[in-house]
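Undergrad: Protein chains in written order, with the numbering used here: chain A, 2 to 421; chain B, 14 to 500.
No lab work stands behind these hints: they were computed from the structure. Mixed in with the good hints, there may be bad ones.
As the list claims (entries may be wrong) - Short, incomplete list of chain B residues facing chain A, as computed with Cβ under 8 Å:
1. Ala140
2. Glu341
3. Asp344
4. Thr401
5. Met408
6. Ser420
7. Glu462
8. Asn470
Only a predicted model underlies this, so the values are computations on that prediction, with no experimental measurement involved. Glycine is no exception: its CB is placed at the ideal position from the N, C-alpha and C atoms.
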Amino acid sequence: MKVTRRQFVKGGVAAFTVTFAAPEFLSDVVRAQGAHVRNLVVLYLSGGNDSLSMLAPYNDPFYASRRPTLAIPAGQVLQIGTDSSNVALGLHPRLTGLKQIFDQGRLAFIQRTGYENQSRSHFTGTDIWSTGDPGNAQGLGWVGRYLDSLPSPVDPLVGWNTTGNLPHVLQAHTAVPAIANPAGYAFSSPNSGAEATAERSTAVRIASHVPVDRPELAFVYGSTQAALATLDRVATVASYRPSPAYPNTGFSQALQAVAGAMTRSIGTRVFYVTTGGFDTHAAQNVNATNGAYYNLMATLNDGLLAFHNDLTAQGLLDDTLVLSFSEFGRRITENGSQGTDHGSASVMMAMGGKVKGGLYGTAPNLNTDPSNPTLENSAGDVKYETDFRSVYAQVLDNWLGTDSTKLLGGNFRKNGIGFI
Amino acid sequence: MAGPDRQIEHLLRRAGFGARPDELAAYGPLSISQAVNALVDYESVPDTVDSFIGTPGYINTTVTGPFVPQGNINHARQRWLFRLLHTDRPLQEKMTLFWHNHFATGYNKVAGALGAAEGARYLAAKASEDPGHVRGQIEMLRDNALGSFKDILLAIAKDVATLVWLDGRTNTKAKPQENFGREIMELFTLGVGNYTEADVYAAARVFSGWNLARPGTATDGSQHYEFSYIANNHDVAAKTFSFAVYPDGGKTIPARAASAGMQDGIDFINGLAAHPNTARYLAAKLYRFFVTDFGAVNVTFVNRIASVYLQSNGDMKAVMREVLLSPEFWDESAYFARYSWPVEYVTRAFKDVGWTGFSVNDALTPLSNMGQILFEPPDVSGWDAGQTWFSTSAMLARMNFASSLASNQKFKLATAVRAANASATPEALLSYFVEALASAPLDPSVTTELSNYLHANGAWTASDAQLQAKASGVVHLIAGSPEYQLS
Numbered sequence: 002m003k004v005t006r007r008q009f010v011k012g013g014v015a016a017f018t019v020t021f022a023a024p025e026f027l028s029d030v031v032r033a034q035g036a037h038v039r040n041l042v043v044l045y046l047s048g049g050n051d052s053l054s055m056l057a058p059y060n061d062p063f064y065a066s067r068r069p070t071l072a073i074p075a076g077q078v079l080q081i082g083t084d085s086s087n088v089a090l091g092l093h094p095r096l097t098g099l100k101q102i103f104d105q106g107r108l109a110f111i112q113r114t115g116y117e118n119q120s121r122s123h124f125t126g127t128d129i130w131s132t133g134d135p136g137n138a139q140g141l142g143w144v145g146r147y148l149d150s151l152p153s154p155v156d157p158l159v160g161w162n163t164t165g166n167l168p169h170v171l172q173a174h175t176a177v178p179a180i181a182n183p184a185g186y187a188f189s190s191p192n193s194g195a196e197a198t199a200e201r202s203t204a205v206r207i208a209s210h211v212p213v214d215r216p217e218l219a220f221v222y223g224s225t226q227a228a229l230a231t232l233d234r235v236a237t238v239a240s241y242r243p244s245p246a247y248p249n250t251g252f253s254q255a256l257q258a259v260a261g262a263m264t265r266s267i268g269t270r271v272f273y274v275t276t277g278g279f280d281t282h283a284a285q286n287v288n289a290t291n292g293a294y295y296n297l298m299a300t301l302n303d304g305l306l307a308f309h310n311d312l313t314a315q316g317l318l319d320d321t322l323v324l325s326f327s328e329f330g331r332r333i334t335e336n337g338s339q340g341t342d343h344g345s346a347s348v349m350m351a352m353g354g355k356v357k358g359g360l361y362g363t364a365p366n367l368n369t370d371p372s373n374p375t376l377e378n379s380a381g382d383v384k385y386e387t388d389f390r391s392v393y394a395q396v397l398d399n400w401l402g403t404d405s406t407k408l409l410g411g412n413f414r415k416n417g418i419g420f421i
Numbered sequence: 014m015a016g017p018d019r020q021i022e023h024l025l026r027r028a029g030f031g032a033r034p035d036e037l038a039a040y041g042p043l044s045i046s047q048a049v050n051a052l053v054d055y056e057s058v059p060d061t062v063d064s065f066i067g068t069p070g071y072i073n074t075t076v077t078g079p080f081v082p083q084g085n086i087n088h089a090r091q092r093w094l095f096r097l098l099h100t101d102r103p104l105q106e107k108m109t110l111f112w113h114n115h116f117a118t119g120y121n122k123v124a125g126a127l128g129a130a131e132g133a134r135y136l137a138a139k140a141s142e143d144p145g146h147v148r149g150q151i152e153m154l155r156d157n158a159l160g161s162f163k164d165i166l167l168a169i170a171k172d173v174a175t176l177v178w179l180d181g182r183t184n185t186k187a188k189p190q191e192n193f194g195r196e197i198m199e200l201f202t203l204g205v206g207n208y209t210e211a212d213v214y215a216a217a218r219v220f221s222g223w224n225l226a227r228p229g230t231a232t233d234g235s236q237h238y239e240f241s242y243i244a245n246n247h248d249v250a251a252k253t254f255s256f257a258v259y260p261d262g263g264k265t266i267p268a269r270a271a272s273a274g275m276q277d278g279i280d281f282i283n284g285l286a287a288h289p290n291t292a293r294y295l296a297a298k299l300y301r302f303f304v305t306d307f308g309a310v311n312v313t314f315v316n317r318i319a320s321v322y323l324q325s326n327g328d329m330k331a332v333m334r335e336v337l338l339s340p341e342f343w344d345e346s347a348y349f350a351r352y353s354w355p356v357e358y359v360t361r362a363f364k365d366v367g368w369t370g371f372s373v374n375d376a377l378t379p380l381s382n383m384g385q386i387l388f389e390p391p392d393v394s395g396w397d398a399g400q401t402w403f404s405t406s407a408m409l410a411r412m413n414f415a416s417s418l419a420s421n422q423k424f425k426l427a428t429a430v431r432a433a434n435a436s437a438t439p440e441a442l443l444s445y446f447v448e449a450l451a452s453a454p455l456d457p458s459v460t461t462e463l464s465n466y467l468h469a470n471g472a473w474t475a476s477d478a479q480l481q482a483k484a485s486g487v488v489h490l491i492a493g494s495p496e497y498q499l500s
């Protein structure tokens, strides 16, 4: 979509800054004036999160009977109240930090999110969640399309992907940098001094001659150009040393870089972070300290809590929205190896200073009756209640200030899930 | 460069990892069909490459203590990189990489379950070097690189690393485990959309009881895991699929006594391997891996290769001969129409720039930054190839690898320029390296910028210091250019 002149003026200098990612000094001016930008952090829980172990309907008798080793005992969940269908829900006991954030009203759970005819494939599932387009899951990412909709020229640092490879969510005509480690994001040379300087400026000039008649090659030129154009700004993030320090996990370190980019006001608006290991087919070990799923929750909790507290200290929490997704939820009944296989609908999380925290949507009833309307696949899996694109629509319309119907190719707006 | 060499280089970039000077000399005089035969019929070439590790003239390895690729994953990675560069059976290594990506198995999960040394063992040990005669997954794939697909699929189903990686060892009749049953259809054979959820359940039951045993003795190191069919854990009931499992069109694997139940899995694997969707799925992957990343997958190619596959009963040697002689492979538009994988890029750079004095160990971190760690694909679907390789940080990692290699080789580069009488002018030096690195055609603006670079910082004196600086600088810029990333 095109941003009109009127919208542009209405957005004022802040909109100018985030959109064009003006040089650092201008961003600093904006920050000094107290203007706010809106950052989106997309969080991918890779492998298919067993949301019934993250947000447990602990009083449902079928929860315990279908998960004899995996159900979290009612006495151990972190109770967070009941949803609109009066189902009592509790967080995994390791999510003490998320409980704090929930209690402050800055964390929302959107239950039973998904889509019709789940493939239960990691790869097709990830493609569908990434594109927001079950009919053409090989297309550009939904966040990528948003970046492409920004007025040109789009700054090459408008997006920041904290993994080494470009995730499908961010696939776009706009080149999005992948910066797993800001400290290693530098240009080296076999020479020093004036020779090294000449090499770097030659590389920059070469990359500027994009061969538009060779589009496949031009793509590589685009990446090269974006890398070289952003080195110096990224270097400022490498020196970010928050206190207290973030935990020493890849996930937390990625969030630290995100906070650094926000703090240094380098113009980035959309971030991508991921934490993996959720494909818990065997020995899922939800309950034991240092069990597999317990550790997944620890990584998630400790990273998000550090990020939340850092942003709060920096006065940036109100400028930030974290949105999580995973390619599918898992089967309700545990398998023979104390794990869970690929399932269907799952739970999304939204966290941020402007989030209206709480429980959205309704929990599944886990009764094995094949006609149970909250389940599918002969009551084997959770059936979706909220199309995941309705959640994206909230973010696009109410946070990024664009038109979700254009970017999602249809009207997915839905009442009752107004978390932002 | 002359026509025949251009064709041979195309063939060696695709069927191998570029051309060392000795490979160019050996393949250069051959016709295309002779060269393809030499690549495909590699059994006649002695497989002695590993014996040259640590020998002068070859790339270095770096280890502290003994070199134990059968029990240390870093050493196993170094050994494979060494092979990629120095093998005289390039197509065997190329297909091994293809299968490693196709049956993508990650070290970390295996090591997490069995321990670090055991993880390396089940991925990379050679039977000849292991006290328990364990043949790691990659050695199995290498042995069968151009074998029968059906045999490879069966060996994968019984592979220790796979049984851990896809949780098959926990699959029992009481509680079937779907992971392997799903992926064997989705990723190894039919492709997504060609099976139902009921098929996934049935496939899990087919493989119930396919587990591990641990014979041998701990004291002499011969104790090891190996495949074991455990009849008591097998679901004996009949399994019906939505597609034909048997040649007569039968969709039902019959109920069998538990003692005979392993035949279920063999029947199922034979059925999957013979399925036309498997043929097309593999043909499309071969198109992307060997022909081009650009444009849509060529349907004519897929149909022809799929039919060779089906007629030859999945004989990958027949299939690959057809691939490498196909008109699509030799079409002008296929030249430099693939995005090099990181290990392809690194190996080709060694071959073009030089390797003596460099250690494969020093390529491992750069490869990781480029997005490819051997024995650690991101997930069971393998690496996301094509444009996905070219994130900004991955491209920086390629440029920086070119820098470190050029820096390492700078004395030899300068010597080579002198030896080739290419030191008199910046233009002579430039055309020497443009020829030597054989990248995709450089955009004219690139050549201009490179020339400007060579003229920068003072007059041309062709001193040793200047030649070393400019030769390494220009090699860095060419090997780090977008054009050089295409193969």
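Undergrad: A separate judgement is required for each hint: does it hold in the structure or not?
TA: Hint check results:
1. For Ala140 of chain B, the suggested interface contact is broken, since its CB lies about 28 Å from the closest CB of chain A, more than 8 Å.
2. Below 8 Å, beta-carbon pairs count as interface contacts, and Glu341 of chain B has none with chain A, the closest being about 16 Å; its hint is therefore violated.
3. The interface hint given for Asp344 of chain B is broken, as the beta carbon of that residue sits about 15 Å from the closest beta carbon of chain A, more than 8 Å.
4. Evaluation of the Thr401 of chain B hint against chain A yields a held restraint, the C-beta minimum of about 6 Å falling below 8 Å.
5. Here the hint on Met408 of chain B is kept, as its CB sits about 5 Å from the closest CB of chain A, short of 8 Å.
6. For the restraint placing Ser420 of chain B at the interface with chain A, the shortest Cβ-Cβ distance is roughly 3 Å, inside the 8 Å limit, so the hint holds.
7. With its C-beta approaching chain A no nearer than about 5 Å, Glu462 of chain B sits inside the 8 Å limit, and its interface hint holds.
8. Because the closest C-beta pair between Asn470 of chain B and chain A is about 5 Å apart, less than 8 Å, the hint holds.
The earlier numbered hints that this structure contradicts are 1, 2 and 3.
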